[in-house]
Amino acid sequence: MSEKQPDFGFATRAIHAGARPDATTGARNVPIYQTTSYVFEDADQAASLFNLSTFGFIYSRITNPTVSALEERVASLEGGRAAVAAASGHAAQFLAFFTLLEPGDEFIASRALYGGSITQFVHSFPRIGWKATLVDPGDPENFRRAITARTKAIFVESLANPGGVVVDLEAVAAVAHEAGIPLIVDNTLASPYLCRPFEWGADLIVHSTTKFLSGHGTSMGGVLVESGRFDWARSGKFPSLTQPEPAYHGLNFHETFGDFGFTMKARAVALRDFGPAMAPLNAFLTLTGIETLPLRMDRHVANALEVARFLEVHPRVAWVSYAGLDSSPHRERARKYLPRGAGSVFTFGVKGGYQAGVRLVEACQLFSHLANVGDTRSLVIHPASTTHRQLTDEQRAAAGAGPEVVRLSVGLESLDDLLRDLDRALAATG
Amino acid sequence: MHEPLHYSDDEIRGVLRDVRVIAMVGASPKWNRPSHFAMKYLQQKGFRVIPVNPANAGEVVLGEKVFARLADVPVQVDMVDVFRNAEAAGPITDEAIAMGARVVWMQLGVVNEAAAERARRAGLRVVMDRCPKIEYGRLFGELGWCGVNTGVITSKRLRSGR
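Residue numbers (this note's numbering), protein chains in the order written: chain A, 5 to 434; chain B, 57 to 218.
Derived from the structure by calculation, the hints contain no laboratory data. Since the structure is predicted, the reported quantities are computational estimates derived from the model, not experimental observations. By construction, the Cβ of each residue, glycine as well, lies at the ideal position given by its N, Cα and C atoms. Do not rely on the hints blindly, as some may be mistaken.
Claimed, not checked - Quick look at which bits of chain B chain A covers, simulated, 3 or more residues with Cβ under 8 Å:
| no. | stretch |
| --- | --- |
| 1 | 91 to 102 |
| 2 | 114 to 123 |
| 3 | 129 to 140 |
Claimed, not checked - If you want the footprint, here are the derived chain A segments under chain B, 3+ residues with CB under 8 Å:
| no. | stretch |
| --- | --- |
| 4 | 22 to 31 |
| 5 | 62 to 76 |
Claimed, not checked - Looking from chain A toward chain B, a few residues come up when the C-beta cut is under 8 Å (computed):
| no. | residue |
| --- | --- |
| 6 | G84 |
| 7 | P343 |
| 8 | T396 |
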C-alpha cells in the first residue's frame, strides 16, 4: 500500500483526461470514430462483449471510442468514477431517472430549474409512472418535508437557470443521505470549473454539454456522471441495481461493477433500450471545447460580473439577480459553492414588464436572441415568451421567469461592445 | 464502509505483470456472476485461472477443472484471488501463504487487515478491495472504453500486451 498519488490539475485534465495517444496510429488528438459498429475478434469475444464480461465496442448506440474519451474526461473533471454521454442534457436526465426509478416512484426537485426540465418532470415523466414533487430550494428542510416512502432521489441545479439561485448543496445532500437516496445535481450552468458538486455530497451529476462544456454553440450533448460513493446496497431502495436485473439476464450491476455499476446499468439498459446516444462528431467538438474550459469560464465570469454591475445601476432596470453581485441574497452561498465566480447566465427585470422584455430582446444587435446559454457569443432571451411560456404564471414566477424577466448568457466578446449593445436595447424599451 | 485503500498504479501494474497463474477462490460456473466475468477476462488476457470452489469441485469451468481447496491445486500458484467475504479471506490467506503464493488479492469490498498483515510478514504482496479485471482494464487502456475515470494521464502511446 502506498500514499495516494498526486492528482493532475484541472487544466491538465481538461486537455488530457480520456485522451491518450491512439495505440495503433499514434494520433495525438482523439480521432472521430465515425462508425456504427465494430468487428468482433471471434464468436467467443462477441459473446463476452454482449455479456459485459469484457470491455470493448459493439455498436455506437452503446459505446464509441470518441464518445468514451469525452465520458472519461467529464468524469475526471467532476472528480467522479464514471460517466455516460447522451444526445442531450434532457437525455442524460432520462438515463439517470430510468436507472433509478420504478413505475410509481417519486423524486423531489427544486422548483428553480430550467423550464425544459420542469416540463420534462411535470408533464412527460408522469406518463411513464414517475412523480416529481417541486419544492422551494431556499430551505433544505423543504426537501425533507416532501420525502415519502416512494421518494428515490432529490434533483437540484447547482446554479439555477434562469433565477440566479445557488442551492445549499451540502445541506440538501445531507437530507438525501439521511433518507438513503442520492442527490442528483445538474451542474450545467456552473461547469465543473466553477462548482464541484461531488465535493459537497452529490451522488450523480448531469450536464447539458451543449452549454459551457462544448462552449461554442456547435453540438448538442449531455452526460451523466456517477461519484462512485453512493452505497446502493446499504440503501436498500434500488433493487434493480443490487439484485439480479431481468433486463440484463439476471446480472447484478452493483456487485459486478462495484463503484461504477450505476453507470454500467445506465449504459447497458437505459441507453441501449432507448437509444439517445451522442454522435461521435459532437463528442469530438465537445472534447475540443473542454480543452479551453478554464480559460473561457474565467472570461465568462469576468464579463458577466461587469455586465451585471452595469445593469444594476441602469435606470431602466428594476433588479438584477446575479449571485456574483454583493447585493444578491445568494452571494454567501456563491462564495462557498462557486469560489471562482457565479457563472455568466443570469436574469434581470426590465422596467415595463412583458412588453418591455420583448422589445429589449428585439432591439439587441450584438446579443443574439435565441434559446441557448453557454456560448462564446452573448445571448439574450425573454423566458416568459419563449422557454417558460408553457408553464403556468405561478410556475414561471417560482422558476424566476416572470413577465419582466430577461435572461442573459454573457459571452466572450469585448466588454465595451456588450455594454453598448445592452444600453441601446434598454433605451428602446422606454 | 471502510476508508478507501490507496495503491499506486505502479504497484498494481507490477502485480499484474508479475503473475501468470491465479487461483480464484469462489469462482462460479454461472456466467452472470462477477467471479465468472473476472475469470473469463483474465483468461483472455493470458492468465491461467484455476477455479477453487468446494460446491463445484470436479466440474470444468471455462476449460479449467475446479478444485475444492487451494491445497488441492496441483500446480504452482502465483496469486490467490479471494472472491469470498472478509471473514473467509482470513483462512484463505493462510493457505495462500502455506502454498507459496506470492500475491494475495481480495476482491472489491473485501478487506481483512489482520490477514493482510500476516501475508505481508510472510513476504507476500497484498491488494484488497480491488478487482484484477477492473484494474487490468484501467491500467492497460480498456476501462475508459465504458466511460470510467481511469486516472491515467500520459502522452505515451499504449503498447499492446502487458
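Need the list of violated hint numbers for this structure, in ascending order. 2, 3, 7, 8
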